[in-house]
Each structure stands twice: as C-alpha cells, then as structure tokens.
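Asker: This is what each chain is made of:
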Amino acid sequence: MLKTHLSDLFESRGAKMIEFVGWKMPLWFTSITEEHLAVRNKAGIFDVSHMGRMLIEGKDSTHFLNYVTTNNVEKLKQGRMHYSTICNQNGGIKDDVMLQRITEEKYVLITNASNREKIYNWLIQNSKGYEVKIEDVTFEVPMLAIQGPYAEKIMQKIVEIDLKKLTFWRLATCKIMGYETIISNSGYTGENGFEITVWRVPRSESENFIKIYMEILKAGEEYGLKECGLGARDTLRLEAGLVLYGNDIDEDTTPFEAKLDYAVKMDKGEFIGREALQRQLNEGLRKVRVGLKMLEKGIPRPHYEIWCENEKIGVVTSGTYSPLLNIGIAMGYVKPKYDEIGREVEIAIRERRVKAKMVEWPFYSKEEYGRGRKNVP
Amino acid sequence: MSHEHVVIKENVYYTKDHEWAKIENGNVRIGISDYAQKELRDIVYIELPQIGKKVKQFERLCSIESVKAVSDVYSPVSGEIVEVNRQLENSPELLNKDPYGDGWIAIIKAEKIEEEVKNLMDAEKYREYLKTLEKH
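First to last, the protein sequences are chains R and X. Per our numbering, the very first residue in the first sequence carries number 1; after that it's consecutive. Per our numbering, the very first residue in the second sequence carries number 1001; after that it's consecutive.
Chain X extracted, bound-state conformation (with noise of 0.2 Å):
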C-alpha cells in the first residue's frame, strides 16, 4: 500500500478501525476512511444498519462485503441512527468513490459526543496512526 496516496479529510474524528465521524450540528454522520476501502478495494454490498437501532460506542454497526472478505463496521459514537443512505444499497461502489463524501453510512443521533471524542483522533493523530500500521 505504500505506492498508493492515502486520503485524510481534516475536520473529523477517526477509530483505529478507520471509521470517520463527522459533528454536523449535533448529530454525527459516518463513514470509512480512504485507508478502509483502499485495504478492502472491490465493495459489493453493504449490509446497512436499522433506522432507530440504538449503538453504543465501537458496538458493531453493520458490515460491509468486498469480493475478498466481509468486514464489520463499527460505531464511533454511541446514540441512535437517525440516517442511512440507501444509495449504497444499490451503488455500494460509492465506499470505494467517495468514502469521505457520497459513501457517507450513516447519521447518528450522539448521546454524549463531548465524551466520546476524547476516545476518537483527529485528523493528524490518525495520520500519525496509519504510520505505524505500515511498518508491520
């Protein structure tokens, strides 16, 4: 993966599972990191979670199916799924497009996101992050 530029969007918070949360207004909209897709390449479906279906922070989200593998996604934040994008179900290449944009997942209704953010890294600190994963 070392020839391959990865993205980093600033101005949101990352998992060591390189799940994306974003703080619009209140609520947080979620995704997976241009690291995630580029490891899983080839997205074929996405299993997306219930509108209403209360998460609990790291708690398993949904999961997403690449030719290869299926992997689970995890929930930054904990709070209530208010938002899915159902463009995925019929277009679950977007993960692989656009993963910062319109291969958004989900928004969450947060619970208690001054708290949990402290459990997040920003945009430098996952930087930071990937580099160790490289040298593995």
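With the rest of the complex left out, here is chain R (with noise of 0.2 Å):
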C-alpha cells in the first residue's frame, strides 16, 4: 500500500486508517461529523498528498496543455489556476484536474489519485510532436489542504505573503520552513481555503514535513483547527456540490452532462474530445446530473434508483447525511426532461420509496456558510 508522508504519523495518532485507491489515509480522526462541521464553522486541515502532481515544462507547454485539457490554457495567466477536465475521443472525462500556471512554460496539473498512472500515460502518449518535459512528482511533493472561515488567520501565522490578496484561484510561491511552497486559494470543501505542495521533499525527509504539519496544527489550535479525514473530504464536497471522480464522473459521461460546462470551452480550437462534444451539443444530452435533497428520513447512496410518477428516470451516484443539514443529499444522472429544480421524485432506498426534491447546489445557504459567505470570523 502507498503511504504519504503522514500516513504512520496518522496512525500513531489513532486515526481510523482506511485503503484508498491503494493509499493508506485516514478515514476520520474523532468523527466525521465533528470534522466536517469544524470546517464549515472554523477550519481544517487535510492530507491530500495521494492526488497526482504533475510538472508540465516546456516551449510547448502550452499548447500541448490546451490540446489535451478541455478549459483554455491560452487563456489562464501565470499565477493563477483553473479547473478544467481530460477528455477522450468520446468526449468522455478520463479525469477533472486542476491547472497552476507558475511561470509562462511551467504548470502543475493535479489528478484524482484513482486517475494518476491513467493520466501520466495519455499525456505522455499525446506529447509526440511537442517540446514539453512531463514529470510525475506525486512522491515527493507532498500536498495539504487547509481550509475553512479561519483558515486564512491561520496561514497567515506560516507564510509572510500577503493572503489578502490571494483570491479564489490564485497561487503565489514562498518558503516555509526553508522548502519552496507553492500556495493557492483553492480547496474542495466550498469553502474558503488553501492548498500547499512543498518542493521537494523525499521519503527520507519526511521528518521536515511533520514539522511544517504540526507547525501548522499549533497555528491553528487558538482557531479550532482540526485533522480532517477522507470521510469529511467527501461530504464536504458533496455538500458543495463538487463532483467526484468515479462516482459522478467517468468515461462515459460528458463535461456537458455533468454540468461542467464552465471548464470546456469549444472556441478555443481543436482540442481531443472537441468533435465529440460538438456532435453532442447539436444532437442532445442522454443525462444530466442533478442535485437532490430528501423529504424523508433516508440517506440516498450511490446506485439508488431515482424514480418519478413510476417511471424509473435515474440513479444516484453520490450521497450521505449531511451533517450540517441534517437530512440526506444526493447527486445523481436523470433523463433531460426531467431536470428541473423543484421536482419532486423518489428514491428507492432498500424497500421503499423515499421522497426528494431536485435542488441547486451547494446545498447550503451562499448567505451563511462557503466561500461566499456574508459573515467572515
């Protein structure tokens, strides 16, 4: 099993330990619950080194990167960083990634860990003809995630930029003790947040960054900052309304049925899935995802039917307790005609049919919790 540089120091700390596509994280720390609610009301921080971390260089760099990504590299300024998904012929998302762009020829391309081998070799196998250098530096660029309403007061305590001017999709370089870092305002939860890679740190150097995650855990303490496991990742994110790959995501569902329309864009040129996608928007979605909330008692899970006036319309592909709701969310894939907020259906949970409504996402209120929120700590 892969373990990152955390994974023993984890599990000295008695957090309940889990294989995750063939990494050993932690599930949760004390509850999920108790963690995912610390991050919607105070902060948290995750270990999010099992994601791939790919370094791009090059002349061509990008444009290799706006021909294999389906968002517009031209387009995306240094500095900055932009979702955007990997498309195969099909148009089907082989993974959603983020981009930085760190200088004019360098990027960082992130991938889901279940996506890291997949996408290193579709990379590699799409760069003939162009000058670009592509390195999987997973191993040794360890990755955290902070994040959460304090989470800025936090790391302000670490780095000496000026986090006020790191908005939504920036990333600045600076050192933390003596490593380069990169740091960007970003995160998967919905709320505000930062995510860290530290250049570079071997196996053999893991002790150091102990020291960086400890050093921020003790900045964090007077704020209620509080280890995160995969478990709050994903109701977090599902909470936000995020896809996740594998689950809402796959080869053979499109950026346009999954509502990621915002990171394709067909102006830009010819690009791999371009013709696919175009054939798409002209002869119509087979799917589309939807956000649903239960009516009733009941968690929706994945591969739940979604059915309406006895007629099965979908399946659901991602669900949970919401614990900052206290009720069931879910997203899922229904025929087209039936995509309208405010919909009432059904879902069949074991046996029986328990009632849901179609809602927008995030499933809270922009007014009081997420990145948008009115009152900042």
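Think of the hints as simulated: they come from the structure by calculation, not from any bench. Small disclaimer: the values here were computed from a predicted structure and weren't measured. Honestly, I wouldn't trust all of these hints.
[To be verified] If you anchor each label on the Cβ, the simulated ranges turn out as follows:
1. R:Glu160 - X:Leu1133: 45 to 55 Å
2. R:Arg80 - X:Arg1086: 49 to 59 Å
3. R:Trp307 - X:Val1082: 32 to 42 Å
4. X:His1005 - R:Leu325: 31 to 41 Å
5. X:Glu1111 - R:Lys366: 51 to 61 Å
6. X:Glu1059 - R:Asp8: 40 to 50 Å
7. X:Lys1109 - R:Asp8: 45 to 55 Å
8. X:Lys1009 - R:Asn310: 39 to 49 Å
9. R:Glu222 - X:Glu1111: 56 to 66 Å
Glycine included, every Cβ here is placed at the ideal spot set by N, Cα and C.
The two chains are supplied separately, each in an independent frame; assemble them into the complex guided by the hints.
Answerer: This is the structure in structure tokens:
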C-alpha cells in the first residue's frame, strides 16, 4: 500500500485508517460529523498527498495542455489556476483536474489519485511532436489543504506573503521552513481555503514535512483547527455540489452531462474530444447531473434508483447524510426532460420509496456558509 | 482503533458481526457492541424492525445508517420481536453514546435460546475475537 509522508503519523495518532485507491489514508480522526462541522464553522486540515501531481514544462507546454484539456490554457495567466477536464475522443471524462500556471512555460497539473497513472500515460502518449517535459512528482511533492473560515488567519501565521491578496484561484510561491512551496486559494469543500505543495520532500526527509504539518496544527490551535480525514472530505465536497471522479463522472459521462460547461471552451480551437462534444451539443445530452435533497428520513447512496411517477428516471451517483443540514443529500443523473429545480421525485432506498426534491448546489445557504458567506469571522 | 478502549460488557453474548444479546427471563434484549458503534461512528438513522416479525438466528434484523455507510444488523437469536426501542428513532446517537444501555435495539421472544447460545461468544471469547481482528 502506498503511504503519504503523514500516513504513519496519522496511524500513531489513532486515526481510523483505510485503503483508498491504493493509498493508506485517514477516514476520520474523531468523527466525520465533527470534522465536517469544524471546516464549515472554523477550519480543518487535510493531507491530500494521494492526489497526482505532474510538472509540465517546455516551450510547447501551453499548446500541449490546450490540446489535452478542455479549458482554455492560453487564457490562464501566470499565478492563476483553473478547473478543467481531460476527455477521451468520445468526449467522455478521463479525469477532472486543476491546472496551475506557475510561469510562462511551467505548469502543475493536479489529478485524482485514482487516475494518476492513467493520465500520466495519456499525456505521454499525446505529447508526440510537442516540446514538453512531463514529470510525475507525486511522491516527493506532498500536499496539504487548509479549509474553512479561519483558514486565512491560520495560514497568515505561517507564510510571509499577504494572503488577503491571494484571492480565489490565485497562487503564489513562498518559503515554509526552508522549503519552496506553492500556495493557492482553492479547495474541495466550498469554503475559503488554501492548498499547498511542498517542493521537494523525498521520503528520507519525511520528518521535515511532519514538522511543517505540526507547525500549521499549532498555529491553528487558537482557531479550532481540526485534522480531517477522507470521510469529511467526501461529505464536504458533496454538500458543495462538487463532483467525485469514479462516482459522479467517468469516461461514459461528458462534461456537459455533468454540468461542468465552464470547464469546456469550444471556441478555443482543436482539443481531444472536441468533435464528439460538438456532436453532443447538436444532438442533445443523454443524461444530466442533478442535486437531490431528501424530504423524508433516509440516506441516499450510490446506485439507488431515482423514480418519478412510476418511471425510473435515473440513478444516484453520490449520497450521504449532510452533517450541516441533518438530512440526506445526493447527486445523480436523470433523463434531461426531468431536470427541473423543485421537482419531487422518489429514491428507492432498499424496500422503501423515499421522497426527495431536485435542488441546486451548493446544498447549504450561500449567505451563511462557503467562500461567499456574508459573515466572515 | 488500537488507541481507543473498546468496552466489552460482561454477562452478555456476542456475535461475529458485533451484536450483543442479553438473556432477561426468557426474552433476549439485543443491540450492537461498543466495537461496532466505534467502527460505524456518526450513526444518524436506524430503520427499526417490525414488532411481531419473526427472525432466524443471524438473519438480517434491521439496518443502521452512519454518515459513511449503511450497515445491516443481524439477529443473535431466533424468535419473535416483541419490543423495539422507539427512542432511537429520534435519538439514533444513543447507539453511539450508550450501546449496551439506552442504545438497545429490540427485545426478542427467543425460541431455542439454550441451543443457539452455543453459536454465540461470551465476553471472554469476544475479547479474544476482537484481538484477531486488530491484527489485520
């Protein structure tokens, strides 16, 4: 099993450890609910070193990335990042990724843990003719996420750059305990927060990364910073309406069906999958992603059927109990004609049919929670 | 889990699926063990069994939802369900807080308890059993 720089530390601290796509990761430290609410109300820290990190450099890096991803890389400025997808020739999603532009010709591509090798091979395979160097740096560039309304106050104690200026989807380089780091305002929880990659920390220097981690924990103590596992990561992203690869998107789903249109720029020129996606725009979608909120007790889970007036109209792809709203929430796909906010449907939970409603994401009130909240502590 | 102390109550019987059974003058009160509630954590919902329903030993009795997943509860004994803990409907967290006490799930009028108890573990055997699970 693969271990991050922190896996052993977490185990010794009594975290509940699980195997997640080959990595030994914490599922929770104390409880999913406690960790979830810490991020919504205060702050939480996550080890996200299991995600793939590729360093892409070279004269043709911009052209190459514009060809293999669906968002417009030419419009991505230095010191910024964007969300994007990598599609196959049929327009199906091979992965959803974050792309960071570090300098004119230097990028960091962050992939899902489950797709790291697949995407690395796909990039190599499609790089013929481009002057570009692709390096998988996952094992020596550990990554942390600090998320929640107090994330900025905590991280400001650690870094010298002014984090007030580091607004959503901006990134900067700075030193933390002697290591070069890239810090970005981004995350997977819906809350304001930061993601940090540390360059480079070989396994033999794990102790130094543990020191950085402990330093952030100490800085966060006065703000109620909590260590969080993958359990809370999943419930937080679902509440925010963010997709999880393998559950909500896969190679059989296009970005349009997943309502990730903002990650696809059809007018930017040729890219892999463009033709198929154009065809789909002309011919219509096969299914669309919707948000579902339970109206009755019961927790929707992946593969449960969605019914409307005695017709099966779709299937749940992610579902959980929302620790914030205290009710079941889900994402799923339905036939396009049923996609309508407010529509009442039923979800087949084992022997029962339980009432639910189609809602917009995020599932929480945008005034009260998330990066756009009115009252920032 | 190795850092957390798991409470094993004496004078009750256990299943391999971590249910407990306590014999109370002919009837059997059942619930889930402290180990089970610690594994599930964050229990948010229980679908209680129907009163009057007959179950066989180790047959599915009901299900418990935690934030992370849904888990089945299996009956430690055969018999008819004569009482269920309605308090759990509004306070499922009792399963976490007091698994051997207020978090009990149901009372079963057992059919052949003397025979079936041989298929269950006492506290000492259950303690040994948990040790074998820790190794994995």
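Asker: Should the hint that Arg80 (chain R) and Arg1086 (chain X) are 49 to 59 Å apart at their CB atoms be regarded as holding?
Answerer: holds, 56 Å
Asker: Per the hint of 45 to 55 Å, is the separation of the Cβ atoms of Glu160 (chain R) and Leu1133 (chain X) within bounds?
Answerer: Holds: the Cβ-Cβ distance is about 48 Å, inside 45 to 55 Å.
Asker: Can the suggested window of 40 to 50 Å be confirmed for the beta-carbon pair Glu1059 (chain X) and Asp8 (chain R)?
Answerer: With Cβ atoms ~41 Å apart, the hint holds.
Asker: Does the Cβ pair Glu1111 (chain X), Lys366 (chain R) satisfy 51 to 61 Å?
Answerer: Roughly 56 Å apart at Cβ, these two residues keep to the hinted range, so it holds.
Asker: Do the Cβ positions of Glu222 (chain R) and Glu1111 (chain X) conform to the proposed distance bound of 56 to 66 Å?
Answerer: holds, 60 Å
Asker: Is the gap between the beta carbons of Trp307 (chain R) and Val1082 (chain X) within 32 to 42 Å?
Answerer: Distance hint for Trp307 (chain R), Val1082 (chain X) holds at roughly 35 Å.
Asker: That 31 to 41 Å hint for His1005 (chain X) and Leu325 (chain R) (C-beta), does it hold up?
Answerer: This hint holds: roughly 33 Å between Cβ atoms.
Asker: Is 45 to 55 Å a correct range for the gap between the Cβ atoms of Lys1109 (chain X) and Asp8 (chain R)?
Answerer: This hint holds: roughly 51 Å between Cβ atoms.
Asker: Look at the Cβ atoms of Lys1009 (chain X) and Asn310 (chain R) and judge whether their distance stays inside 39 to 49 Å.
Answerer: The hinted range 39 to 49 Å holds for Lys1009 (chain X) and Asn310 (chain R), with Cβ atoms some 48 Å apart.
When held up to the earlier numbered hints, the structure conflicts with none and fits them all.
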